[in-house]
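Visitor: The listed protein sequences correspond, in order, to chains E and L.
For the first sequence, our numbering gives the first residue as 1, with consecutive numbering after it.
For the second sequence, our numbering gives the first residue as 1, with consecutive numbering after it.
Check each hint, because a few of them may be wrong.
[Unchecked claim] Derived pair list, reagent style DSSO-like, types lysine-lysine, alpha-carbon separation capped at 30 Å:
id	chain 1	residue 1	chain 2	residue 2
1	E	Lys271	E	Lys190
2	L	Lys184	E	Lys271
3	E	Lys259	L	Lys229
These are calculated hints, taken from the structure and not from any lab test.
Spelled out, the chains give:
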Amino acid sequence: MSELVSLSLPEKTFILHGIDVNFRNDGRSRLDCRPIELQTKIMDQVNGSAKLKIDDTEILVGVKVEEDTPDENSPSEGKLEFFVDCSANANPIFEGKGGDELATEISDALSLAYKDVFDLTELCILPSKKCWKLYVDVLILACGGNLFDAVAAAVKAALYSTEIPQVKDAAVDGVEADIFVSDDIFNSVKLDVKNAPLLISLCKIGDNYVVDPTPEEEVCSSATVVVAVMPNGRTSGGLKTGYGSLMVETWRKAIQIAKKVGVQLNNEIMKALEEEEKLGPNRALFGFL
Amino acid sequence: MPSVQATSIKEQLRNREDGRKHDEFRKMSIKLGVVTQVKGSAYIEMGDTKVICSVHPPREIHNKVSFSPEGELFVEFKYALFATTDKRDAQLEKEEQNYSSIMKRALEPAVCRNEFPNFQIDIYVRVLDDNGSALAAAIIAASLALANASVPMKGIVTAVTAGIHDDLVLYDLTVEEEKLCSTKVSKENLDRGIIMQAMLSQYNQITEPFYSGNLDCDVLCDTMEALQKASENIHLLLQETLLKYVNKTLEQDRESKSVNKKLEAMDVNNTEKEPKK
Numbered sequence: 001m002s003e004l005v006s007l008s009l010p011e012k013t014f015i016l017h018g019i020d021v022n023f024r025n026d027g028r029s030r031l032d033c034r035p036i037e038l039q040t041k042i043m044d045q046v047n048g049s050a051k052l053k054i055d056d057t058e059i060l061v062g063v064k065v066e067e068d069t070p071d072e073n074s075p076s077e078g079k080l081e082f083f084v085d086c087s088a089n090a091n092p093i094f095e096g097k098g099g100d101e102l103a104t105e106i107s108d109a110l111s112l113a114y115k116d117v118f119d120l121t122e123l124c125i126l127p128s129k130k131c132w133k134l135y136v137d138v139l140i141l142a143c144g145g146n147l148f149d150a151v152a153a154a155v156k157a158a159l160y161s162t163e164i165p166q167v168k169d170a171a172v173d174g175v176e177a178d179i180f181v182s183d184d185i186f187n188s189v190k191l192d193v194k195n196a197p198l199l200i201s202l203c204k205i206g207d208n209y210v211v212d213p214t215p216e217e218e219v220c221s222s223a224t225v226v227v228a229v230m231p232n233g234r235t236s237g238g239l240k241t242g243y244g245s246l247m248v249e250t251w252r253k254a255i256q257i258a259k260k261v262g263v264q265l266n267n268e269i270m271k272a273l274e275e276e277e278k279l280g281p282n283r284a285l286f287g288f289l
Numbered sequence: 001m002p003s004v005q006a007t008s009i010k011e012q013l014r015n016r017e018d019g020r021k022h023d024e025f026r027k028m029s030i031k032l033g034v035v036t037q038v039k040g041s042a043y044i045e046m047g048d049t050k051v052i053c054s055v056h057p058p059r060e061i062h063n064k065v066s067f068s069p070e071g072e073l074f075v076e077f078k079y080a081l082f083a084t085t086d087k088r089d090a091q092l093e094k095e096e097q098n099y100s101s102i103m104k105r106a107l108e109p110a111v112c113r114n115e116f117p118n119f120q121i122d123i124y125v126r127v128l129d130d131n132g133s134a135l136a137a138a139i140i141a142a143s144l145a146l147a148n149a150s151v152p153m154k155g156i157v158t159a160v161t162a163g164i165h166d167d168l169v170l171y172d173l174t175v176e177e178e179k180l181c182s183t184k185v186s187k188e189n190l191d192r193g194i195i196m197q198a199m200l201s202q203y204n205q206i207t208e209p210f211y212s213g214n215l216d217c218d219v220l221c222d223t224m225e226a227l228q229k230a231s232e233n234i235h236l237l238l239q240e241t242l243l244k245y246v247n248k249t250l251e252q253d254r255e256s257k258s259v260n261k262k263l264e265a266m267d268v269n270n271t272e273k274e275p276k277k
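Same shape as in the complex, but just chain E (with noise of 0.2 Å):
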């Protein structure tokens, strides 16, 4: 990936420095997180959406629902497709297709993430017939770092706000299958998200990590080490990003950090996410962006 800012030698030394003494420029310590601004169901056109915000950081994710047939090879589930599209508002190098490499590489992350532990039986309808097929695509409107994980608290997020149609009735004409879905809009299913990981990336600078980190400790460093945190703890999932190479050891630790930081994060996304559904349908929007 193309570097977004450049930072001249003695800027990175400081910044290094710095995070020696845990101590970073922002005033954080090495395992704060910056706050994040998220709200749910502010798109119209789709079955779930959320905004987040994490310092310059500005992501949009939408869901859409559709249906589908199943796969041969697992005949009762569901489906689900990350989409992501790094948008050259947030950066001129990803005009054209310079943001392609990047919104891969998220993309791959998020589906390596939910692969393995996210239950698609929930979204099939009937067997070998019909399943929902969820769309989630991703804009990324604006960068400040930290990418991967804010695109994962996103996408948690819109996937918890997302209501899939109830279907009434299901019938099996021949070999076509039909479904006669709800006509009261308000007559859905909530999606199930307990299970859904966070990614978390730890950034290693000198000899230690920092979470969340801002573009300019992004390009002091030379591993990013990016791990899929599920809310009990476990791990479904993990890569590295960045030229550098890591010893088991410091791989040990940057998983227990992940872990810790992870399951705290997980916690307050949960609880924020609930809060704002009791506010209701009344609650106060704070614009679009």
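Given chain E, put chain L in place with the hints provided.
Guide: Showing chain L alone in chain E's frame:
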């Protein structure tokens, strides 16, 4: 899932189809310099998994506006059309792209990229036959092909695949075992997963820790530590292969030199004779 079925899967994994122990690797066969038209190439067989890799010499990066102080790697991982049985096209293409970027990340730390600024090295990998652990085989083949192409490197990258099924840890999976280890679990606390660990064994560095599944963090870390030891053995094997290849080439070189000398001597004799005439 009924318990009878669960135990039979476990039995199946415990008694592996090819009679291997849980931590035993399949037999490996490696050949270097198999493709004559490219700078470096390698062919590897791990059991039935067969992978061929070729490396092209550094060339200037196209359409690059700014100067890049470090060289770049371009990796293309592709299955041959007849390599896999039951994966569909779109899915396969996605997997190929994903594996290409994993390979790039796994190899990047090993290559001295500062030696060829503004240039890129192309690495093409073809999986001729996939019977499990194709990605690991591809990484090994690529690092050998890079060495064969005399690209400056900090070390050889080794890669090993392991599967976790509850308390069972299997090395070097076949396709069947890969499937069984990546099934979803209905109960909360059962470990399932596949780990592909690429390492620079000389320095005990992990260059790419890629895993998926549903795993406990401690189980994951312990398995990775065990894989570190396993890749040391593979590293020795690869070193020996390279050494043998270098010795063989040197010998051939010496032989051809001595033949040349003899020819030259004959030439000299001829030319010396001529003026005497």
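Visitor: Indicate, hint by hint, whether the structure satisfies it.
Guide: For each hint, the structure was consulted:
| no. | hint | result |
| --- | --- | --- |
| 1 | E:Lys271 with E:Lys190 | holds, 17 Å |
| 2 | L:Lys184 with E:Lys271 | holds, 27 Å |
| 3 | E:Lys259 with L:Lys229 | holds, 25 Å |
The structure is consistent with each of the numbered hints, conforming to all of them.
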